[in-house]
Amino acid sequence: MSDGKRAASAPWIRTRLRTAPGAAVALAVLVLVTAFLAAAFPRAVDAYETKGLRHDIRLADAGRSAVEVSRPQPGLELPRERREAGVRTPELKRIGGALGQALPDPLRAEMSSVAYGVRTLKPVLATEPWLPRPDTVPPQLSYTAQTGLKEHARLVEGAWPTTPAEVTSTSRAVRGAVTEETAAALNMKVGSTLRLPTAVGGPLTVTITGIVAPRDPGGSYWSADPLVRTPSLIPDPASPFPQNYWTGTVLLAEDAGPALLATATEPSLFWRFPPDASALTGPDGARLTAVVNSLESGPGLLKVRAIAGDTAEVLTGLGHIVQANARMRDAISPVIAVAALGIGSVAAVVLVMTGALIAARRKAELALMRSRGGSLRGIGGRLLAETAVTVVPASALGLLLAVLAVGEGRWWPAALAATGVGLLVCVALPLRTTLQHIRPTLHGAREDMVSARPSRRRTVAELTLLVLAVGAVTALRRRGTSGGGTDLLVSGAPVLVALIAALVLVRLYPLPLRLAARPMARLRGAIGFLSLARAGRSSAGGALPLLALLLALATAAFGGSVIAGIGDARDDAALTTVGADARVSGKSERATLPDELVRTVRDLDGVRNAAPLRVEFGVAMPESAAGGGGVDDSGTDTGADSGGGGDAAGARATTMVGVDPASYTRLARTTGLPDFPSGLLKATGASAPLPEGAKSGPERVLPVIASPAVAARLGKEQHAVDTLSGDFKVQVVGTVERVASLASTNFLIVNSASLEQRAPTTLLLTGAPDPGKLRAAADGSGEEFVVQLRSEERARYVNTPMQAGAERIYLAAVAAGAGYALLAVLLSLLQTAPERKTLLARLRTMGLTTGQGRRLLAFEATPQALLAAGGGLLTGWATIVLLSPGIDLVPLALAGVAGSDTSPVTLRADLWSLALPAAGVVALAAAVAGVQAWWASRRGSITELRAGDSR
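Just so we're aligned: 463 in our numbering is position 480 of the sequence shown, and the numbers increase by one with no gaps anywhere.
Heads up, some of the hints might be wrong.
As the list claims (entries may be wrong) - Distance condition first, Cα-Cα at most 27 Å in a straight line; then the derived DSSO-like pairs of lysine-lysine:
#1 Lys346 to Lys286
#2 Lys76 to Lys133
#3 Lys172 to Lys105
#4 Lys712 to Lys699
#5 Lys76 to Lys346
#6 Lys570 to Lys756
#7 Lys699 to Lys665
#8 Lys346 to Lys820
#9 Lys712 to Lys665
#10 Lys712 to Lys756
#11 Lys76 to Lys34
As the list claims (entries may be wrong) - Derived CB-CB ranges, DEER-like:
#12 Gly698 to Ile217: 40 to 46 Å
#13 Arg1 to Arg393: 37 to 43 Å
#14 Ala798 to Pro396: 50 to 56 Å
#15 Leu794 to Pro396: 17 to 23 Å
#16 Ala798 to Ala742: 16 to 22 Å
#17 Gly5 to Leu794: 39 to 45 Å
#18 Ala906 to Arg585: 45 to 51 Å
#19 Thr442 to Ser261: 26 to 32 Å
#20 Pro376 to Ala343: 24 to 30 Å
#21 Ala645 to Leu498: 55 to 61 Å
Hints in this document: simulated from the structure, not taken from any laboratory. Using N, Cα and C, we set each Cβ at its ideal position, and we do this for glycine too.
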């Protein structure tokens, strides 16, 4: 221009975004979702680990979780005034405050529940005649003078214990209080007096001035030492006969501690600090363990002794609680890592596929720029800027949403994950696009998988990856997966298997196409031949889309199998505990069910079958068959003979179960127990039912079905046994692995009709009876009967915070894997969508009908879909087989439930988890092909075939 002004030009980024806003928005949404998932994962792991640690500490017994500092009474060599001053409240409070401030991070005390004072370590025999003596043994009482009684209790009767005058070691009268439970059990009331012997002078008299009730019975103040709240009836260990006596604790006035110095009760000073779990996080577990170890026997103990005295000790079970939590976390982490690495790899591949799709759509545009002198640096820089404008805000928004959605967790792992997603897209898309234009390319080259041969460089690269992957899988198989902790080689098993399968299947894929194309070429119709030719030419069958699908399907199959395995383990554990859908039994082992109760329960609506059982525990086996002592798998003492003189004490105990063969067979069939050979227990001949009132004699021989362990010891011989149901001989006629409602592997099953005492002790029900009516029927027969429901037992296993969090992550992993698999299918088909539209337009000008066009696209997509589905099934199955030896689902399914069966639960391939994702891929491919054909039929051929278009 003559005025020297340059012509204005539109900014490149704004122009591109206005030209293709749909592609920019789609990329931003994909990055947003991926960044959100990547950032939410570490925060979700931190969240469930944090909740799990807090849950375990809060639910643990206060006596285990509290950190207690104790020391003996001041030495006798000290003057009396110094000894008394050392146990008074001001000095105890000063030391307690210093100890609370000296607790190292991350251990913090719940200051509102801190207790300190003086207590007796040696219980005192209480000889007052009004105290209860169950077996003529007087009770033994402990005494404690601790702070905070008024804050942690409410006065029910009488007055708070006080010290009207200063208490010294020469005082012989103090006041105290007891809880409601202690007063009720030990017949105490306001005004009762107790006497403690002293070393010099008369006894110390304790007058009960008040009866109190705990404000928080489960809190640390009352639960750290349960005897402070509730007395206990315990056996006398010094008595040769079974005798019990009461033991409990009397709460003295807060400043009454000096009076205990004159007694022979071994007074001890203590400071109890319940941990404050509200500020703890999951990553603090390792530090907390180190801190507790230091306090117990390390530098921390030296600091405690500098404050509380050289004889101070730190006692706590907090370290064991944290270690148990860490063991569960270490058991769960490898399973979670498999899902994380699998889904992360799928997401990365899908993002790269998105870049490939964008590069394919802009190939002509960038080739034109390159042919007109555009440099690779300039083109790459513009693509980087164009991509960053969309990707960076999407990644930041995904990180923000993850932080808002998952409230607890460290921010920096989430920030690194979201940043990694943004960097991958910003680098991969420009790099992949520019590398295709290093040299200007001529248009019109044909890419046909059936005829084209891969380059040597690609062959070498694929062989290298294949060898590395096979070597890693071989090493993993030889080494095993049960090493504990998170192992990248173990976690990357789905990726390795999917990589091997993708490389092999892509190379083998042309072979069936070539074989199938020959007979198709001789047919009259062109649809079959064209579909195979198009399937071979299409880039949708490349290694990258196939790898994404195989990874997604393998991860989804693994996650689905884990979730199904957890459910199956819980179902099996509930069934083992209850024995059926419902169970009615006595509170004691020997309580029998009345006939009226059995009839009432059997007639309830929803009961399909009722199987009465007579279960008798501790049946001594004859000595001749009791060899091989020890402990069986169920923990039953084998009682090997130790020279006990020939009585039954040396015989191994087993459990006898009397059943009605017909009803028990139906029960076994319904609950999935092993087939029960009921015909072997016919009550005929010598085992025929006894007349009413007749006694069973030792000459009677009853056929029994035994567990394999018992059958191996009894053999085929007859053996006499003595039971509460009668004396008889038994002869093994068959074996079964399990019996309903028993976890023991030692049992004998007999026909209850052959027993002298036939009344059942347990009633097992199948069906869906109303729980209220079932309990009402049991309560109507007395309070000694209890009802157990399989559904309620199953609900006990759901869920600790760590288990629930891990399950949610796996559900999210399965959903994300399915979503990325569908997205991979869409991307692979969208990449060749323009070519298919043009093909249909051209074929319609040659007479192709709409129906034929739909079949053509469906047949074209079928080989790739079947390849991905079959490869996904194979990959998922191989991944599960590879990892199952080292994965135990007990921490995810059953851990934390008292009384649950903790035998290993191995991972098994779940058919639905394998088949449903694979079927979904095939269905989606067919649906997309059908939609594309329908949409193409709505557009005219002129619209698709423009002049000069060389597609």
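### Task
Mind listing which of the numbered hints don't hold for this structure, in increasing order?
Violated: hints 1, 5, 10, 11, 14, 16, 17, 19.
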